[in-house]
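S.K.: Line by line, the protein sequences are chains A and B.
Residue numbers for the first sequence follow numbering that gives the first Met the number 0, so the first one is 0 and each next one is one higher.
Residue numbers for the second sequence follow numbering that gives the first Met the number 0, so the first one is 0 and each next one is one higher.
Among the hints, erroneous ones may be present.
Claimed, not checked - Covered stretches of chain A (chain B as the covering partner; in silico rule of three or more C-beta atoms under 8 Å from a C-beta of chain B):
id	stretch
1	52 to 63
2	131 to 137
As the list claims (entries may be wrong) - With a Cα cut of at most 30 Å, we get these calculated DSS-like pairs of lysine-lysine:
id	chain 1	residue 1	chain 2	residue 2
3	A	K199	B	K199
4	B	K199	B	K188
5	B	K199	A	K477
6	A	K199	A	K188
Everything labelled a hint here was simulated from the structure, so no lab data went into it.
A virtual CB, placed ideally from N, CA and C, is assigned to each residue, including glycine.
There are 2 protein chains.
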Amino acid sequence: MTMITAVQDSSCTPGELASRHHPLLADAAAAVNTRVSFSAFAGREPSGPRGGDADALFSSVLAAPLNLPGHSGTLTLQIDEVSPWTRLPLGVSYPRAQTQALTDNAQTAQITLSALTIDERAGLCVEMIERMFAANEVLGLAAMHTTGQGRGMSQSGSGTNALDRGLEAVAAAWQVLSRVPSAAAWEQKFGPELVSLEKKYRIVPLGPALVIACASFPAWNVYPAVFANLMAANPVIVKPHPASVLQMALAVSIMRQTLTDAGCCADAVQLAVDSAAEPVTSVLATHPSIRIVDFTGSARYGSWIEQNARQARVYTETSGLNSVVLDSFEDTASALRAIAGSISLFSAQMCTAPQNIYIPESGVNTPEGTLSAVEVEQGLVEAVEAIAANPRRAAAVLGTIQAQRTLDEIAELTATLHAQGHVLSEPHSWEAPDFPDARTATPLIARVGLENENLFTHECFGPVVFLIRVPDARTALKRAADDAATHGAITAFLYSTDETLIDSAEVAFATAGASLTTNVTGAMPINFSAAYSDFHVSGLNPAGTATLTDESFVTGRFRVVQSRRPLRPSHN
Amino acid sequence: MTMITAVQDSSCTPGELASRHHPLLADAAAAVNTRVSFSAFAGREPSGPRGGDADALFSSVLAAPLNLPGHSGTLTLQIDEVSPWTRLPLGVSYPRAQTQALTDNAQTAQITLSALTIDERAGLCVEMIERMFAANEVLGLAAMHTTGQGRGMSQSGSGTNALDRGLEAVAAAWQVLSRVPSAAAWEQKFGPELVSLEKKYRIVPLGPALVIACASFPAWNVYPAVFANLMAANPVIVKPHPASVLQMALAVSIMRQTLTDAGCCADAVQLAVDSAAEPVTSVLATHPSIRIVDFTGSARYGSWIEQNARQARVYTETSGLNSVVLDSFEDTASALRAIAGSISLFSAQMCTAPQNIYIPESGVNTPEGTLSAVEVEQGLVEAVEAIAANPRRAAAVLGTIQAQRTLDEIAELTATLHAQGHVLSEPHSWEAPDFPDARTATPLIARVGLENENLFTHECFGPVVFLIRVPDARTALKRAADDAATHGAITAFLYSTDETLIDSAEVAFATAGASLTTNVTGAMPINFSAAYSDFHVSGLNPAGTATLTDESFVTGRFRVVQSRRPLRPSHN
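Assemble the whole structure, with the sequences as input and the hints as a guide.
M.R.: Now the structure itself:
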C-alpha cells in the first residue's frame with residue numbers, strides 16, 4: 000500500500016495544496032461553466048506503478064488485510080468479493096467498524112474540516128484526486144476484479160473519467176461556496192438614525208454524509224459525492240457494495256493518507272464495510288447523525304432510502320428505461336455499429352445503456368432506400384455478434400458480468416422469452432483471453448410488440464435488449480418519453496434525418512428528463528457521459544435526483560448562518 | 000380594482016419589460032451578491048392611490064365580489080375574513096376553483112411561461128413587483144385588515160420589505176438560471192478520431208407550484224416563493240389562509256393583469272381559496288400534479304406537509320424558540336428598550352420575535368454596576384408597559400392579535416402560569432385610537448426557571464415571553480442553542496461585552512442554525528430581517544428549510560436536461 004499512497008510529495012499544508020492546485024481548479028471551473036471539452040488527465044501518464052509493476056502491487060494487496068491506519072474496526076475477511084474474471088475470491092480483509100464509532104469519528108473530523116477555508120478544502124480534494132490518478136492502474140485493477148470491467152475501461156471509465164467527474168464536483172462546489180460572502184458592512188437609515196451593522200456569513204456543513212456505492216461502477220458516482228461533501232465540510236463515510244469493496248477501500252486509503260499528510264483528521268473519510276449476509280446500509284442510512292445520503296443502486300432500494308432516511312438530504316442515482324428511437328439513418332452501418340456498441344459496452348451494466356430499441360413497422364429510411372424492420376433487427380444482431388466474435392475486442396468492450404445473479408436472471412428471462420417466441424439472439428458465454436473462467440455473456444436480444452409492455456417497462460439489469468415494433472417513429476417517441484417520465488430514464492437516443500422529429504424528440508425527452516443523443520456514430524460510445532460537459536441524471540424522473548454536476552448537487556450540502564452586531568470602527 | 004392594476008403602462012411585451020427593468024435587476028443582483036444595504040423603493044413614493052384615495056379604493060373592495068378576470072371557480076363569500084381592527088367581516092367573495100381545474104390551468108400556463116427567456120421572465124416579475132409597489136397603500140390596507148398589523152407595518156413589513164424580498168428572489172434566481180449555459184460546442188479525441196458535438200442545455204421547470212401562506216404575515220414569504228417559481232417557469236397557485244385572503248387575492252390580481260398585459264397566460268398565477276370549515280390545502284399539497292410546495296405556518300402542519308407531499312419538493316418556514324441571552328449591557332436603557340420592542344412588535348406574531356429571555360441569577364453587568372435579575376425583569380416589564388401605555392404608539396407597534404384563538408390560548412396559559420406564581424405582567428387589552436373594537440393585548444410576561452422547561456420548550460404563538468432564570472450566561476447560551484437545534488429557531492439575540500462569550504455564541508448559534516444579533520439597540524427593530532442582506536431561516540433546525548435567499552432556495556425549482564448531436568458547420 001505504501002507505493003500507492005506515497006507517490007506524491009507527502010506533508011503539505013492545506014494552504015500549500017490550495018496554491019499548488021489552484022491553476023487546475025480554475026481550469027476545471029472554467030470547463031464546468033462553459034461545458035466545453037476538458038480533462039485534467041489528457042496527455043498525462045500516471046506517475047505511480049504501471050504495467051507489470053501495477054500487476055505486482057495489485058497482487059500483493061490480494062489475500063491480505065488492508066490496514067487503514069487509524070481507522071476504527073476489526074479486520075474481517077470479505078468473503079463476498081470474488082473476481083468476475085477469475086472467479087477466485089480476492090481474500091482481502093477490511094476494517095469493520097461499528098456504526099456509532101463511524102458517526103462519532105465523523106463528527107469529530109467535521110470540526111477540523113470546517114475550520115479549513117474553502118480554498119484549503121479544494122486543495123486537499125484536488126491532491127486526493129492527483130494521488131488517485133497516480134495510482135490509476137492499481138485502482139483500475141481493483142475495479143476490474145470487482146466490477147468485472149475490462150482493463151481499459153477500469154482505468155478510463157472507473158479511473159480518469161471518474162476522477163474528472165470528481166474534479167468537476169470540486170470545481171462546482173468551489174464556485175458555489177466561494178460566492179457566499181463571508182462578511183458585509185451594512186448601513187441603513189431608520190427614520191433619522193443611521194444603523195450600521197457588521198455581518199458575518201458562515202458556511203455550516205449539514206453533517207456526516209453517507210455515500211452508498213453500487214457493485215458495478217462505484218467510482219463514477221462515489222467520487223463526485225465524496226468531493227461535493229468534503230468541499231462543504233461534511234465528513235464522509237463510504238459504504239461500498241459488499242461484493243465490490245477493494246477499489247473504494249484503496250481510494251479511501253489514499254484520501255485518508257492525504258488528510259494525514261496535510262495535518263488533518265483522517266476520519267473525514269471513512270469506510271463502512273458489511274457482508275451480504277449481515278448488511279448495515281439501512282442502519283447507517285437512517286442513523287440520526289447521518290445528515291446526507293448519496294445512493295447509487297437499484298430503484299427499489301433507492302426508494303426505500305428516500306422513504307426512510309428522513310433525517311438526511313438524499314441524492315440518488317438508480318435506474319431506468321433508456322431508449323433508442325429509430326426513424327432514419329444517414330449511414331446505416333455506422334448507426335448499427337454505434338447502437339450495438341452501446342448495448343455491448345460493459346455488457347449494458349451501465350446506467351446509460353439503452354434497453355428498449357423502437358423499430359417502426361415500415362422500416363427505417365436510409366440513403367440506399369428503406370431498410371425493413373426485419374433487416375434492422377438482423378443488422379443489429381449481426382453488429383452485436385461482430386463485437387462478441389473477436390475475443391480480445393469482446394474482453395475490452397463487453398467485459399464480464401459482475402454478479403452471478405444477473406446471469407441467472409437473464410437465463411430465466413431468456414427461457415420465458417423463448418417460450419413466447421421473442422428471442423432473436425440468445426445469450427451465450429464466450430472465452431476471454433487469459434481468463435478462461437470469466438463470467439461472460441453476449442446480450443440477450445428479443446423482439447417484442449407494444450402489447451408486451453409487461454416485459455419492457457421495467458429495467459432488466461445487464462445485457463438485455465428489446466427491439467420493440469411500433470407503428471411509426473412518433474409513436475415510439477411518445478412511448479419512450481412517457482416511459483422515461485413514469486419509470487425513469489437517464490439517456491435516450493434517436494436516429495433521424497427529420498429535423499421536425501428531432502425537435503419534437505428534444506422537447507419530449509427534456510420534459511421527461513432524459514438526456515438525448517441524436518445521430519451520433521463513430522469512436523465515442525454513444526452513451527459516454529463527459530465530465531464537465533454532460534449533465535448526468537436530470538432529477539425529473541424516477542431515475543434519480545443527483546445531477547452530475549449542477550448547482551443543486553452542491554447547494555443542499557451546506558447552509559449559511561449569519562451573525563450581526565453594531566459596526567466597530569476597526570472592522571469598517 | 001382597475002385603479003390598482005392599471006397604474007403602470009399596460010401592454011408591454013416580456014422583452015420590453017426585460018429591457019426596462021434590467022437596471023433595477025442588476026442593482027438587486029449586486030446587492031444579493033455583496034449583501035450590502037439595498038432597497039428598490041428607498042426614496043420612492045408609490046404612484047398609485049394614497050391617503051384618502053387609498054382608503055376609498057380599499058372600502059370599495061369590501062363587501063363585494065373580487066373578480067379575477069379569466070380565473071376558474073365560483074365566486075363565494077369568504078366568511079372567515081374578519082378585520083382584527085374593526086371585528087367586522089370584510090365581506091369579500093373570491094373565486095373558489097376545483098383542485099383539478101387549478102392544476103390543469105397551471106400545466107397549460109407552464110408551456111407559455113417556459114417558452115419565455117430567463118430575462119423575459121425576470122422582466123415580468125419585476126413589472127409585477129413595480130405594480131404591487133404602486134398599489135402599496137391599498138395592498139397595505141388589505142394586509143392591515145386581515146393580519147391585524149398596524150398601518151405602517153402593513154405598508155413596510157408587508158409592503159416594500161416583502162416586495163424587496165420578492166425582488167431579492169428574482170435577482171437570485173436570475174443569476175442562478177443565467178449561469179446555466181444554453182449550448183456548447185464540444186470536441187474530444189477518441190483514439191485518432193476527433194468527435195465534435197453540439198450540445199443544448201435546457202432549463203426544465205419542475206411543474207405547478209403551491210404557495211401556502213400564513214394568516215399573520217403572508218406577503219413576506221409568498222412573494223419570494225412566487226417569484227423564485229415564476230423565474231424557473233413553474234406556474235404558481237397561491238393558497239392564502241382562509242382568514243387572510245384579501246392581500247394575496249389583490250396581489251394575484253395584479254400579477255395576472257401583468258401577465259395578460261404582456262400577452263402571457265394569466266393562469267401562471269392562480270388563487271386557491273378555501274374556508275376554515277372546508278379546507279383544501281392538504282388535497283392540493285398532495286395532488287400528483289403539484290411538484291413544489293412552499294409552506295409558511297405551524298410546525299405541526301409543516302411537518303405533515305413534508306411527510307405527505309412526497310411528490311413535491313417542499314420548502315418550509317414554520318416556527319421555533321427564538322431566544323435572548325443576557326450577560327452584560329453597554330447601555331442598559333437602550334438594551335431594555337430594544338428587547339421590549341422585539342417582544343412588542345406586531346405582538347410577537349412574527350417568526351423572528353423572541354420568546355425565551357435568559358437572565359443570569361447573578362444579574363447583568365452594566366457600566367453603572369450589576370443589575371440584579373429582579374431589576375432586569377422589572378426593567379423589561381416597564382419597557383414593555385411604556386410601549387403599551389401610549390395608544391398611538393401601541394397601535395403602530397403592537398398592532399392587533401390576528402386570531403381570537405391566539406387570545407384564547409394566551410388567556411388559558413395566563414391562568415396556568417398564575418396558579419404557579421409565574422406571571423410578572425398579565426396581558427390586558429388596550430383601546431386603539433379609531434378602532435375601539437380592535438383585538439388587542441399587551442404581552443404576557445412570565446418568570447420561570449430551567450425546571451419549567453415544559454413551559455418554554457415549545458412555541459407559544461403571539462405575545463408570550465418567558466424570563467428564564469439561569470445560573471449564568473454560558474448555561475443560557477448552551478440551553479438556547481440546544482433548544483434551537485432541537486425545537487427550531489430562526490433568530491437569537493445576545494447582549495454581552497465579553498468578546499469570548501460573543502465568539503462562543505456565534506459558533507453555538509451557527510451550529511444550531513439560528514442567526515445571531517448581538518448588542519443591537521436603536522431605531523432598527525432587533526428582529527428586523529433585511530432583504531438582500533440577512534439570510535432568513537437556515538435549514539439546519541426544525542424552523543424550516545426555505546432560506547431567503549440563498550441558492551438552495553432556487554436550485555431545487557428547476558432541472559437541466561441536455562441534448563447533443565454531431566456538430567453542424569452552421570452551428571459551430
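S.K.: Each of the hints needs a verdict: does it hold here or not?
M.R.: We went through each hint and held it up to the structure:
no.: 1; hint: 52 to 63; verdict: violated (count 0)
no.: 2; hint: 131 to 137; verdict: violated (count 0)
no.: 3; hint: A:K199 - B:K199; verdict: 39 Å, violated
no.: 4; hint: B:K199 - B:K188; verdict: 20 Å, holds
no.: 5; hint: B:K199 - A:K477; verdict: 21 Å, holds
no.: 6; hint: A:K199 - A:K188; verdict: 20 Å, holds
Hints 1, 2 and 3, counting from the list given before, are not met by this structure.
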